[in-house]
Amino acid sequence: KAGVTQTPRYLIKTRGQQVTLSCSPISGHRSVSWYQQTPGQGLQFLFEYFSETQRNKGNFPGRFSGRQFSNSRSEMNVSTLELGDSALYLCASSLDPGQGSGELFFGEGSRLTVL
Amino acid sequence: AQSVTQLGSHVSVSEGALVLLRCNYSSSVPPYLFWYVQYPNQGLQLLLKYTTGATLVKGINGFEAEFKKSETSFHLTKPSAHMSDAAEYFCAVSSLSGNTPLVFGKGTRLSVIA
Chain D
1 KAGVTQTPRY LIKTRGQQVT LSCSPISGHR SVSWYQQTPG QGLQFLFEYF
51 SETQRNKGNF PGRFSGRQFS NSRSEMNVST LELGDSALYL CASSLDPGQG
101 SGELFFGEGS RLTVL
Chain Y
1 AQSVTQLGSH VSVSEGALVL LRCNYSSSVP PYLFWYVQYP NQGLQLLLKY
51 TTGATLVKGI NGFEAEFKKS ETSFHLTKPS AHMSDAAEYF CAVSSLSGNT
101 PLVFGKGTRL SVIA
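Chains as they are written, first to last, in the numbering used here: chain D, 1 to 115; chain Y, 1 to 114.
Because the hints were derived from the structure by calculation, they are not lab data. These figures come from a predicted structure and were not determined experimentally. Any given hint could be a false lead.
As the list claims (entries may be wrong) - Residues from chain Y that face chain D, not an exhaustive set, calculated with beta carbons under 10 Å:
no.: 1; residue: K49
no.: 2; residue: T100
no.: 3; residue: L102
As the list claims (entries may be wrong) - A partial selection of chain Y residues facing chain D, derived with a Cβ cut-off under 7 Å:
no.: 4; residue: Y32
no.: 5; residue: P40
no.: 6; residue: Q42
no.: 7; residue: G43
no.: 8; residue: F104
no.: 9; residue: K106
no.: 10; residue: S111
no.: 11; residue: A114
From the three backbone atoms N, C-alpha and C, an ideal C-beta is built for every residue, glycine too.
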C-alpha cells in the first residue's frame, strides 16, 4: 500500500511569491491534515480536511489556505511569502475521524525555503 | 484544550544505556497518546500508541511507554540504546472523539554516543 506522497520535496521561493504544495493520502484515507514544522516552534497544526470540507483550522494567517478534492488529494497554498514561512510542511492522512484511533500517517514533507 | 510538554529538548545517552524521554499531557477528556519518531529529512513515523486497555504499550524497535493517568504522563523508554535510535521524538495527544487535531510536543532530540 502506497504511503502519503507529498510534492514537491524541496522548493525555493522569494518573498512575495506564492506556493502550492500537494499531498496524496493513503488509499482509503479521507482525512488530510497539514502541519508546519520549524526548529523553534515544533509541529504546528495548520488545517484538516475531511470529505472536501475544512474540519479544523489552526492559528495561522489567511495567507495560508488549503483545499481537498473529491479523490481526497489535498493542496495547501501560501500567498505573499515571508521569510518566516521557511519550514518543513508535513501532510498526514488518517481514517475517518471518530472511527480510528486518531493515528496519523505522515508524508516526508515539502521543505520550503523563502529567500 | 489539550497540550503536551516534553521535558528536555535534547537528551544524550551512551550506546547500551537506558533511554528515557519524558512526556506530560493536559487533556480535559480521556486521551489517545502517541509517540512518533522523525529521522533526518523524513516525515514522522509512529512508534507506539495508547488508546484504551493495558497502560503499558509496546512499540517498534524495542520502545515502550506507560500511561499513568494520576501523573498525566506517557514517558517513552528503551532498555538499551542503539546508535540507530538517534532521531527526534515527538509525543502527541488527541481526544477519543477524534474531532480535535493531534497536538504535538516540541520534540526531544536523542543523541546516542558510542
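Check your understanding: Checking against the hints above, which ones are violated?
Key -> Hint check: 5, 10, 11 fail, others pass.
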